[in-house]
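Novice: One-letter residues, chain by chain:
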Amino acid sequence: MAMNARRWFQPWTSMPARWAEHRHLSDDRVLALALSTSTARRSDRTAERHLDACPRCERRYAQMAAQLDSLPAAASANFDQVFTPARLQTQRARIRRRLDILVGTAPAARLLDFPFAGRSLPRVRFLTNRWVPAAVAATLLLGITAGQLIHLHPFDADAGRTGSVQTGDADGQDGATSVASQELTSAPDSNPVVTNLDMTGTVELPPLPGDDAGPRTLDSFARLMRDEEFLDDLDLALTSAQVSELASIDALTPRVRDLTINIH
Amino acid sequence: MTTTSTAPAGDEVRPVAVETRLAAEIKRLLADDQRARAAERFGEIVDLQQRRASRIAYHYLRDPAEVDEVVQDAFLKAFLHLPSFREDLFFELWFTRILVNACLDRLKARTRRARWLVQSEPREGMADTGPASHEPSPEAALLARERRAQLESAVDRLPARQRTAVILSHFEGRPAREVSTIMGLNESTVRVHLFRAVRKLRGFLNREGWMERTPLGHDGRSRRHA
Numbered sequence: 025m026a027m028n029a030r031r032w033f034q035p036w037t038s039m040p041a042r043w044a045e046h047r048h049l050s051d052d053r054v055l056a057l058a059l060s061t062s063t064a065r066r067s068d069r070t071a072e073r074h075l076d077a078c079p080r081c082e083r084r085y086a087q088m089a090a091q092l093d094s095l096p097a098a099a100s101a102n103f104d105q106v107f108t109p110a111r112l113q114t115q116r117a118r119i120r121r122r123l124d125i126l127v128g129t130a131p132a133a134r135l136l137d138f139p140f141a142g143r144s145l146p147r148v149r150f151l152t153n154r155w156v157p158a159a160v161a162a163t164l165l166l167g168i169t170a171g172q173l174i175h176l177h178p179f180d181a182d183a184g185r186t187g188s189v190q191t192g193d194a195d196g197q198d199g200a201t202s203v204a205s206q207e208l209t210s211a212p213d214s215n216p217v218v219t220n221l222d223m224t225g226t227v228e229l230p231p232l233p234g235d236d237a238g239p240r241t242l243d244s245f246a247r248l249m250r251d252e253e254f255l256d257d258l259d260l261a262l263t264s265a266q267v268s269e270l271a272s273i274d275a276l277t278p279r280v281r282d283l284t285i286n287i288h
Numbered sequence: 302m303t304t305t306s307t308a309p310a311g312d313e314v315r316p317v318a319v320e321t322r323l324a325a326e327i328k329r330l331l332a333d334d335q336r337a338r339a340a341e342r343f344g345e346i347v348d349l350q351q352r353r354a355s356r357i358a359y360h361y362l363r364d365p366a367e368v369d370e371v372v373q374d375a376f377l378k379a380f381l382h383l384p385s386f387r388e389d390l391f392f393e394l395w396f397t398r399i400l401v402n403a404c405l406d407r408l409k410a411r412t413r414r415a416r417w418l419v420q421s422e423p424r425e426g427m428a429d430t431g432p433a434s435h436e437p438s439p440e441a442a443l444l445a446r447e448r449r450a451q452l453e454s455a456v457d458r459l460p461a462r463q464r465t466a467v468i469l470s471h472f473e474g475r476p477a478r479e480v481s482t483i484m485g486l487n488e489s490t491v492r493v494h495l496f497r498a499v500r501k502l503r504g505f506l507n508r509e510g511w512m513e514r515t516p517l518g519h520d521g522r523s524r525r526h527a
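So the protein sequences, as listed, match chains A and B.
Here the first sequence is numbered in my numbering, starting from 25 and rising by one per residue.
Here the second sequence is numbered in my numbering, starting from 302 and rising by one per residue.
Rather than coming from a laboratory, the hints here were simulated on the basis of the structure.
What you are looking at is a predicted structure, and each value in this text was computed from that prediction instead of being measured.
Mixed in with the good hints, there may be bad ones.
Stated by the list, open to error - Residues on chain A that point at chain B, a partial pick, calculated with CB under 7 Å:
1. PRO96
2. SER100
3. ALA101
4. VAL106
5. GLN115
6. ARG118
7. ARG122
8. ILE125
To be verified - Computed footprint of chain A on chain B; a stretch qualifies when at least three of its residues, placed anywhere within it, have a C-beta under 8 Å from a C-beta of chain A:
9. 336-348
10. 362-374
11. 377-385
12. 394-403
Yeah, the Cβ is synthetic: ideal placement off N, Cα and C, and Gly gets one too.
Could you put the whole structure together from the sequences, leaning on the hints where they help?
Specialist: In C-alpha cells form, the structure reads like this:
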C-alpha cells in the first residue's frame, strides 16, 4: 500500500524541480552564471542542466559571456599605446629620483635665481627686519590703549567749573572738620549737582547767584528742593480745578483748594 | 590565498611572494637605518608592480599625466609606510589598496575642481584620443574608440565600491578573495558589488547599443565556475 502511494505521489513531488529545469533562466541568473558569482550550488546545477537542455538559454549565456569577456579588453585597449615602455621607464626614473631625495642620497631640487641667473638676489634678513612688525604692533597697542583711556575718561575742554568735596562729621556741621577735598568736574550747562557723594560727610556746593550766605551744604540744598517741590504741587492743585475736562473727576474727589483754604 | 597568482592577460605569471619577501627585507633595512640600500631594493618592487599599478590607475583616471602622479605618490607612500607593513599580508594587495585609495582621492579632487572649472579639451593621451595605428581602418578605429568611450563613461557612472570591484575583479582578473582583502570587505560582499556593477554596466551599455555590437567570439560552452 505504502509502496503504491509513493509511486503515485512521486511525479507530483518532483514536479517543481522539473519545472525549474524547464523554465527559462532570467537575465540575472545568466549573468550570475557568466560571472560565476552564484553561491547556491544547487541552483547552479539546475541552471547547468537547463543550459544543456535549452538551446535558447545556452545562446543567451554564450552572448552574455562574450560581452563580459570583451569588457576588460575594451577597457584597457589603448593602455599599451599610451603607456609605452619609454613612458614607463621615465616614470620609473622619477620614482627612483624621488626615493633618492627621500632617503637623502640625492640633493633636493634647488631654486634658481630669478630673473638674472648670473646675479644672486639680495637675501632677505628676517632677523634684522623684525623691528618693523614689532614697531607696528607696539604702535597699534599704544593706540588702542590710548583710545580706551580717552573713552573711559573723556577729555573736556570746558572743564572750568569745579567743585570741592569736603568731608566732615556726620551731624551736618557745615565744613567744621574738612578731612579731604577733591576737584569735581561738572558738565558745562548743568546745574551744580554733585556727581560724587561722600556717604559720611556733607558736600559743599558753590553759592547760588544772589546768595551771600556762602557755600551751601547738600542737606540744606535738598531741604530747599523739597520745599520748592511742595510749593509746585500746591500751585498745580490750586490751578487744576479750572480745567474743564477734569471737572467731572474733580467733583468726585475732595476739593484740594477748599482744604487749602481751610488750612490757611 | 595561494603563493602564486595569475596576472591578467598579457602579463607574465610570477609569484606574488616576491614583492612580499622584498618588502620584508626592506622593512628590516629601514629598521637598521640603511635607507639608501632600502630605496635601492624598493626599486625592484617598482619594476615589478609599476605596469600593473599604472593600468589600475588608468582604469580610474584615464589621464596619463594624473596616472603618473598617482603611481609615483602611491609608491612613495608605500615606501614611507613600509615599517608598518605586516608581513603576513601580501605586499601586492597592501600596495593596491594604497593605490586605489589614492585614485579615489584624486577623483574626488577632480570632481571638486570640475564644479569651478570649465571643461577643456582633452589632453594628449586621454582615453578619447588614443592612437589607433594598429586598427585595420579609420572606420574600425573610430568604432573602437567610440565603444571604449561608452564603456569608460559607463564605468565612471558606477559607485566607488562597485567600480573598484569591477576594475579589480573583472578587468584585472583578481580573485574575489584578493579583492575583498584590498577593499576591506567580505568576499560575499565583493561578489554582490561585482554582480550589481556588471548588471548596471550592461544596462548602461545596452541603452547605447554597445552590447549588440559585441562580436560573438565565444563557443558558448566554456562556462566559468566559482
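Novice: Confirm or reject each hint.
Specialist: Cross-check of the supplied hints:
1. Satisfaction of the interface hint for PRO96/A is found here, the shortest Cβ-Cβ separation to chain B being roughly 5 Å, below the 7 Å cut-off.
2. Interface restraint check for SER100/A: the shortest CB-CB distance to chain B comes to about 6 Å, inside 7 Å, so the restraint holds.
3. Because the closest C-beta pair between ALA101/A and chain B is about 5 Å apart, less than 7 Å, the hint holds.
4. Against a cut-off of 7 Å between C-beta atoms, the interface hint on VAL106/A holds, since the closest Cβ of chain B lies about 5 Å away.
5. Taking 7 Å as the C-beta contact cut-off toward chain B, the hint placing GLN115/A at the interface holds, the least distance being around 5 Å.
6. At its closest, the beta carbon of ARG118/A sits 6 Å from a beta carbon of chain B; the interface hint therefore holds under the 7 Å criterion.
7. Checking ARG122/A against chain B by beta carbon gives a least distance of about 6 Å; that is within 7 Å, so the hint holds.
8. Interface restraint check for ILE125/A: the shortest CB-CB distance to chain B comes to about 10 Å, outside 7 Å, so the restraint is violated.
9. Only when three residues or more bring their CB closer than 8 Å to a CB of chain A does the claim for the segment 336-348 of chain B stand; here the count is 8, and the claim holds.
10. Interface restraint, the segment 362-374 of chain B with chain A: holds (5 residues with C-beta to C-beta distance below 8 Å; minimum three).
11. Counting residues of the segment 377-385 of chain B whose beta-carbon sits less than 8 Å from any beta-carbon of chain A gives 3, enough to reach three: the coverage restraint holds.
12. Only residues whose C-beta sits within less than 8 Å of a C-beta in chain A count toward coverage, and the segment 394-403 of chain B has 0 of them, not enough to reach three; the restraint is violated.
Violation of the numbered hints given earlier is confined to hints 8, 12; the remaining hints are satisfied by the structure.
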